[in-house]
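Colleague: Here's the letter readout for the chains.
There are 2 protein chains.
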Amino acid sequence: MSSPVASDAVPAAGPVPGFHAVVPAGGAGTRLWPLSRAGHPKFLLDLTGSGRTLLQATVDRLAPLTGPGGVLVVTGARHAEAVAAQLPEVGAEDVLAEPSPRDSMAAIGLAAAVLVERHGEDVVLGSFAADHVISGGELFAQAVRDGVAGARAGYVVTIGIGATEPSTAFGYVRAGAPLGLDDAPAVRHVVGFTEKPDAETAAQYLATGEYSWNAGMFIVKATVLLDHLAAQLPTLHDGLRRIAAAWSGPDREAVLAEVWPGLTKIAIDHAIAEPVAAAGGVAVVPGAFGWDDIGDFASLAAMLPAGEQGGPTLGDEALVQRLSGAEDAFVAPAAGRVVSVLGVPDAVVVDTPDALLVTTRGHAQAVKQAVDGWRGRGREDLL
Amino acid sequence: MSSPVASDAVPAAGPVPGFHAVVPAGGAGTRLWPLSRAGHPKFLLDLTGSGRTLLQATVDRLAPLTGPGGVLVVTGARHAEAVAAQLPEVGAEDVLAEPSPRDSMAAIGLAAAVLVERHGEDVVLGSFAADHVISGGELFAQAVRDGVAGARAGYVVTIGIGATEPSTAFGYVRAGAPLGLDDAPAVRHVVGFTEKPDAETAAQYLATGEYSWNAGMFIVKATVLLDHLAAQLPTLHDGLRRIAAAWSGPDREAVLAEVWPGLTKIAIDHAIAEPVAAAGGVAVVPGAFGWDDIGDFASLAAMLPAGEQGGPTLGDEALVQRLSGAEDAFVAPAAGRVVSVLGVPDAVVVDTPDALLVTTRGHAQAVKQAVDGWRGRGREDLL
Numbered sequence: 000m001s002s003p004v005a006s007d008a009v010p011a012a013g014p015v016p017g018f019h020a021v022v023p024a025g026g027a028g029t030r031l032w033p034l035s036r037a038g039h040p041k042f043l044l045d046l047t048g049s050g051r052t053l054l055q056a057t058v059d060r061l062a063p064l065t066g067p068g069g070v071l072v073v074t075g076a077r078h079a080e081a082v083a084a085q086l087p088e089v090g091a092e093d094v095l096a097e098p099s100p101r102d103s104m105a106a107i108g109l110a111a112a113v114l115v116e117r118h119g120e121d122v123v124l125g126s127f128a129a130d131h132v133i134s135g136g137e138l139f140a141q142a143v144r145d146g147v148a149g150a151r152a153g154y155v156v157t158i159g160i161g162a163t164e165p166s167t168a169f170g171y172v173r174a175g176a177p178l179g180l181d182d183a184p185a186v187r188h189v190v191g192f193t194e195k196p197d198a199e200t201a202a203q204y205l206a207t208g209e210y211s212w213n214a215g216m217f218i219v220k221a222t223v224l225l226d227h228l229a230a231q232l233p234t235l236h237d238g239l240r241r242i243a244a245a246w247s248g249p250d251r252e253a254v255l256a257e258v259w260p261g262l263t264k265i266a267i268d269h270a271i272a273e274p275v276a277a278a279g280g281v282a283v284v285p286g287a288f289g290w291d292d293i294g295d296f297a298s299l300a301a302m303l304p305a306g307e308q309g310g311p312t313l314g315d316e317a318l319v320q321r322l323s324g325a326e327d328a329f330v331a332p333a334a335g336r337v338v339s340v341l342g343v344p345d346a347v348v349v350d351t352p353d354a355l356l357v358t359t360r361g362h363a364q365a366v367k368q369a370v371d372g373w374r375g376r377g378r379e380d381l382l
Numbered sequence: 000m001s002s003p004v005a006s007d008a009v010p011a012a013g014p015v016p017g018f019h020a021v022v023p024a025g026g027a028g029t030r031l032w033p034l035s036r037a038g039h040p041k042f043l044l045d046l047t048g049s050g051r052t053l054l055q056a057t058v059d060r061l062a063p064l065t066g067p068g069g070v071l072v073v074t075g076a077r078h079a080e081a082v083a084a085q086l087p088e089v090g091a092e093d094v095l096a097e098p099s100p101r102d103s104m105a106a107i108g109l110a111a112a113v114l115v116e117r118h119g120e121d122v123v124l125g126s127f128a129a130d131h132v133i134s135g136g137e138l139f140a141q142a143v144r145d146g147v148a149g150a151r152a153g154y155v156v157t158i159g160i161g162a163t164e165p166s167t168a169f170g171y172v173r174a175g176a177p178l179g180l181d182d183a184p185a186v187r188h189v190v191g192f193t194e195k196p197d198a199e200t201a202a203q204y205l206a207t208g209e210y211s212w213n214a215g216m217f218i219v220k221a222t223v224l225l226d227h228l229a230a231q232l233p234t235l236h237d238g239l240r241r242i243a244a245a246w247s248g249p250d251r252e253a254v255l256a257e258v259w260p261g262l263t264k265i266a267i268d269h270a271i272a273e274p275v276a277a278a279g280g281v282a283v284v285p286g287a288f289g290w291d292d293i294g295d296f297a298s299l300a301a302m303l304p305a306g307e308q309g310g311p312t313l314g315d316e317a318l319v320q321r322l323s324g325a326e327d328a329f330v331a332p333a334a335g336r337v338v339s340v341l342g343v344p345d346a347v348v349v350d351t352p353d354a355l356l357v358t359t360r361g362h363a364q365a366v367k368q369a370v371d372g373w374r375g376r377g378r379e380d381l382l
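For the record, the sequence lines run as chains Y and B.
Under numbering that gives the first Met the number 0, residues 0 to 382 are what the first sequence spells out, in order.
Under numbering that gives the first Met the number 0, residues 0 to 382 are what the second sequence spells out, in order.
Think of the hints as simulated: they come from the structure by calculation, not from any bench.
Being a predicted model, the structure only gives us computed values, none of them experimental.
Where hints are given, some of them may not hold.
A few chain B residues that don't get close to chain Y, going by computed Cβ distances all over 10 Å [as the list claims (entries may be wrong)]:
1) S49
2) T200
3) Y204
4) G208
5) V258
If you only want the chain B side, here are some residues facing chain Y, beta carbon under 7 Å, derived [to be verified]:
6) Q320
7) L322
8) R336
9) L341
10) G342
11) V348
12) T358
Not everything, but these chain Y residues come out facing chain B in the computed CB check (under 7 Å) [said to hold, decoys possible]:
13) Q320
14) L322
15) R336
16) V348
17) D353
18) V357
19) T359
For each residue, glycine too, the CB sits at the ideal point set by N, CA and C.
From just these sequences and the hints, can you work out the full model?
Modeller: Dropping the structure here:
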């Protein structure tokens with residue numbers, strides 16, 4: 000009963016022809032200070048104890064879907080060298096260095112324009128943050144394959160993460176009727192996106208069964224993305240096209256210097272996803288894989304396996320001592336020193352060679368205070 | 000109306016003729032780990048931020064009362080070098096090194112016997128721990144002068160610390176009738192000593208007005224002490240006499256090697272103070288000075304002045320950041336790294352180059368758990 004395979008159908012295994020992954024690698028992750036620093040951000044860290052950094056794990060996950068040479072990383076100029084060093088399998092020409100941060104629309108739009116220059120108008124790109132943790136790789140791959148099918152049908156496709164709780168930390172995407180794609184029946188229309196809701200609203204969302212978390216993963220034909228951008232923000236579109244045309248030639252630096260500083264700073268959600276969804280051009284594919292954006296130390300602690308002593312350790316368990324009333328302590332002994340915790344329930348202790356943070360999971364969202372505080376005292380070296 | 004001064008009266012100012020101070024410098028202070036270590040104990044540390052270690056401050060306090068050459072320190076062999084280095088004003092011959100710990104009776108008894116060998120039978124000695132903090136030096140000096148008067152009258156005199164709260168952490172001394180000394184009317188008979196009481200009993204003690212804290216400070220004629228020792232523990236007495244006789248000669252090491260390991264390990268309280276008190280031979284002089292034995296980090300934190308940010312810092316305030324819910328944190332940034340504390344009320348954070356302790360004031364008495372735990376894991380290097 001198998002149907003004949005159309006020429007542009009998405010194969011059920013192996014690389015997806017014409018599919019390119021774009022990995023925006025930015026954001027300091029100030030809620031993970033002092034592990035994460037401006038000069039050594041979250042995506043460059045191994046936060047899972049797997050031996051691979053979040054960036055490396057992201058590329059590991061995507062490379063089998065794109066095939067060789069199919070991953071493009073967009074990062075800040077100050078991180079380009081570290082990114083290239085962590086990713087020997089990604090060519091130097093596939094690490095795009097932004098002169099300064101211009102938010103996600105410029106980063107992904109630049110990648111789309113460069114991909115069209117290099118690979119033509121049939122490119123489908125998928126954009127995936129460099130600092131998320133995903134488990135259930137087969138389910139992720141299936142979602143991407145479905146997403147590519149939706150993209151080939153002309154949609155901006157987002158992957159909706161199956162919500163495991165009524166979180167107030169994420170925006171939500173609301174699914175409507177199925178697109179009716181033969182090869183990807185799970186793909187549905189998007190009714191709309193929401194901002195982070197309050198707890199009551201989040202619970203209502205979950206009760207409907209229509210809402211999933213918006214993790215900012217987009218799969219779309221590069222030309223479709225650029226056409227939407229041209230319609231919504233033509234100046235930004237034209238600037239990115241000019242830069243992309245010059246990227247591989249002698250004028251790259253001159254054009255970047257002229258155009259980049261004036262580019263509109265806007266997130267792709269506001270620039271494309273929300274207005275295009277309102278016009279019916281966005282689809283969603285459900286993602287049943289495990290997902291975590293490691294937004295703070297509570298999230299990191301929950302993701303790590305409990306150790307023999309109780310709470311999780313990020314690093315060498317032999318350096319950690321959990322005493323009465325601190326059995327569940329999360330400890331990152333990243334300075335090589337021993338750490339003893341006594342009588343602090345829910346403790347979070349992050350020990351690095353030049354800075355120590357002591358807090359609790361309940362205060363994990365407030366860790367940014369520490370970064371702001373040291374900045375206020377002129378200690379830029381600690382940020 | 001001044002009376003004629005007797006030849007052996009204690010002068011009201013300046014050195015007290017015949018008075019020698021003995022400073023037993025021992026005890027690791029495991030409740031102050033990781034600041035205090037077996038190899039770097041509490042008495043060698045500056046815990047007040049004064050620039051002087053507890054040992055140095057103890058000698059500073061006593062030297063004006065004894066005059067030059069009047070302070071004898073008894074310490075463990077492993078600390079003798081560090082003690083001598085901290086006390087250039089104390090001659091090498093006045094630092095007595097014990098081959099192994101034999102508790103306070105052996106330490107103070109040895110000092111008494113050595114003092115009699117060197118200075119004759121009129122010596123009055125006062126024994127004061129090396130790791131207590133005292134404020135109100137004039138009141139302390141007055142108590143010592145009164146104590147010497149009591150000692151010259153033949154008593155073992157203890158200084159009773161004015162209790163500021165019904166503490167269950169200390170033993171108490173109960174005062175009886177005045178001795179009736181013309182030159183020291185404050186000195187009273189001791190009815191008895193008590194073990195550490197429960198809270199209710201401690202409150203009853205304070206209500207009577209008869210009880211003060213027993214801080215283990217004794218003032219007594221050296222020969223009186225030795226006579227009591229001969230009566231109570233003749234073998235220990237004879238051993239210490241033999242060692243003292245050989246101390247300044249060529250046989251010291253041989254006699255120490257022969258006698259020291261067999262000496263009875265016993266505290267002076269049990270060996271002398273309690274039995275002699277029962278026989279009416281102990282007196283008490285009230286001490287109205289400020290006193291703290293810095294028994295744990297809660298006690299240390301309470302002793303230090305609050306900083307600009309709230310809680311006290313032992314060290315460089317510029318290294319410490321107290322954020323929401325941790326305004327009262329006690330922090331010892333002894334590793335030179337910055338320390339940020341967030342959302343841990345009553346926090347205690349002690350940061351040293353090889354070990355970090357995170358706890359609260361409420362758990363300060365349990366810090367010994369950390370030492371025991373690391374010992375159990377074979378980390379003797381941390382103790």
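Colleague: Hint by hint, note whether the structure agrees.
Modeller: Hints and how they fare:
no. : hint : in the structure
1   : S49  : holds (26 Å)
2   : T200 : holds (27 Å)
3   : Y204 : holds (29 Å)
4   : G208 : holds (36 Å)
5   : V258 : holds (40 Å)
6   : Q320 : holds (5 Å)
7   : L322 : holds (5 Å)
8   : R336 : holds (5 Å)
9   : L341 : holds (4 Å)
10  : G342 : holds (3 Å)
11  : V348 : holds (5 Å)
12  : T358 : holds (4 Å)
13  : Q320 : holds (5 Å)
14  : L322 : holds (5 Å)
15  : R336 : holds (5 Å)
16  : V348 : holds (5 Å)
17  : D353 : holds (5 Å)
18  : V357 : holds (5 Å)
19  : T359 : holds (5 Å)
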